[in-house]
Amino acid sequence: ETGVTQSPTHLIKTRGQQVTLRCSSQSGHNTVSWYQQALGQGPQFIFQYYREEENGRGNFPPRFSGLQFPNYSSELNVNALELDDSALYLCASSSTSGGRDTQYFGPGTRLTVL
Amino acid sequence: AQTVTQSQPEMSVQEAETVTLSCTYDTSESDYYLFWYKQPPSRQMILVIRQEAYKQQNATENRFSVNFQKAAKSFSLKISDSQLGDAAMYFCAISFRGAQKLVFGQGTRLTINP
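Those sequence lines, one after another, are chains A and B. 18 is the number that our numbering gives to position 18 of the first sequence; each next residue is one higher, with no gaps. 1049 is the number that our numbering gives to position 49 of the second sequence; each next residue is one higher, with no gaps.
Pulled out of the complex, with its shape left as it was, chain B reads as follows (with noise of 0.2 angstroms):
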């Protein structure tokens, strides 16, 4: 069975300052891919940045980065210059090539401070 774990229950901020959430996980496929999704308040999960398995390069999206280490089965994501609309909940999630499913971490909620 996979699972994915986010040891960090609530994370905060000051605004325009840098906060990495936490996710490790256990799979014994070798092709699969990596997601940080982000919920608001308004609840609609969005996609925040994913990563191949199978790349060594670390996904970028503007000023969010991931530092994905394979071989220790781990996944962070790096928000830097934080601003006021971050606030959320963060899940990471893993799924695999063929496969139907997404499998989600418990959540980290982040607070940024003004």
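This is chain A alone, in the form it adopts within the complex (with noise of 0.2 angstroms):
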């Protein structure tokens, strides 16, 4: 069975680019949540995709957003980028077989805006 993983490891930008993380589901999963960890904090929700649409959004501004593809990978898409977006990226992967009450995290990607 193949886990969460998430594309890049790393990723430097400056302030005002634009960046994009991609994550690929666990076998047998439909559905991905994208969560953001600050330093020193817990995650935060940014948003989850089901079936190609955004089924559930945080507290985030309309400059992040995302892509699911009928594989059930996922894209998170960061515009505008603002200095405080340095973080963990983590992407979660659920089966709604399971009630989707159970997510499943690949490595993260850990993004410094510069």
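Simulated from the structure, these hints should not be mistaken for lab results. Just so it is clear, CB atoms sit at the ideal spot from N, CA and C, and this is done for glycine as well. Any given hint might turn out to be false.
[To be verified] Derived DEER-like restraints, expressed as beta-carbon distance ranges: (1) B/R1097 - A/E53: 27 to 33 angstroms; (2) A/R110 - B/Q1008: 23 to 29 angstroms; (3) A/N59 - B/E1010: 27 to 33 angstroms; (4) A/I12 - B/N1113: 31 to 37 angstroms; (5) B/S1042 - A/N55: 28 to 34 angstroms; (6) A/I12 - B/P1041: 19 to 25 angstroms; (7) B/Q1014 - A/T96: 40 to 46 angstroms; (8) A/A38 - B/P1040: 14 to 20 angstroms; (9) A/P62 - B/A1001: 32 to 38 angstroms; (10) A/F60 - B/A1071: 20 to 26 angstroms; (11) B/T1020 - A/L11: 34 to 40 angstroms.
Starting from two chains that each stand alone, build the complex the way the hints lay out.
Encoded structure:
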């Protein structure tokens, strides 16, 4: 069984740029959620994708957007990067057959905005 | 709004001893799930144990067990026979049936002393 994978591992961008982070869900999972984890904090929910549509969103501005593809993989896009966007971005997948209640995480992408 | 509170920023224990990490939560929902996740320095969030609120029996997974007190809204994690590999940040989290997100606490850093 293949686990959740994310790319890239690390990324450095400058303020104002745009970034795309990628996630492949665990085998058999059809739902992907994204979280932002600032240093020393617990993860904060950004949004979730199910059947290629956004299925819930946290308190993040519209410059955070996403996509889900037919193979259930997903992208997180952040436009007009700000210094406070520096964080670990975690992707998690889950399955509707399991009620979507248990999420399994990938290794994360560390984004640094200079 | 749902909140999760971990009142112990740091804990330490001698190898082979037992340690208990505390977590309290606040919700008006009746159908929810509680989780403990472990995040080692490698950053990947690993599921340790899961508890369904409607089940009175406390969940156990090998050396890990929980003490779930629904009326008190308390969900503590007990680690028996602590091992060096247990050193990590531990996060308590809650989710709800049909809901999209996990709500995390601030984490407890656990150190294992050899």
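Going down the list of hints, with the structure as the test:
1. B/R1097 - A/E53: 27 to 33 angstroms: At roughly 20 angstroms between Cβ atoms, A/E53 and B/R1097 fall outside 27 to 33 angstroms, so the hint is violated.
2. A/R110 - B/Q1008: 23 to 29 angstroms: 26 angstroms, holds
3. A/N59 - B/E1010: 27 to 33 angstroms: Hint holds: Cβ distance 28 angstroms, inside 27 to 33 angstroms.
4. A/I12 - B/N1113: 31 to 37 angstroms: Holds: the Cβ-Cβ distance is about 36 angstroms, inside 31 to 37 angstroms.
5. B/S1042 - A/N55: 28 to 34 angstroms: 29 angstroms, holds
6. A/I12 - B/P1041: 19 to 25 angstroms: 20 angstroms, holds
7. B/Q1014 - A/T96: 40 to 46 angstroms: 44 angstroms, holds
8. A/A38 - B/P1040: 14 to 20 angstroms: Cβ of A/A38 to Cβ of B/P1040: about 18 angstroms, so the range 14 to 20 angstroms holds.
9. A/P62 - B/A1001: 32 to 38 angstroms: 22 angstroms, violated
10. A/F60 - B/A1071: 20 to 26 angstroms: 34 angstroms, violated
11. B/T1020 - A/L11: 34 to 40 angstroms: Because 38 angstroms falls inside the window, the suggested range holds.
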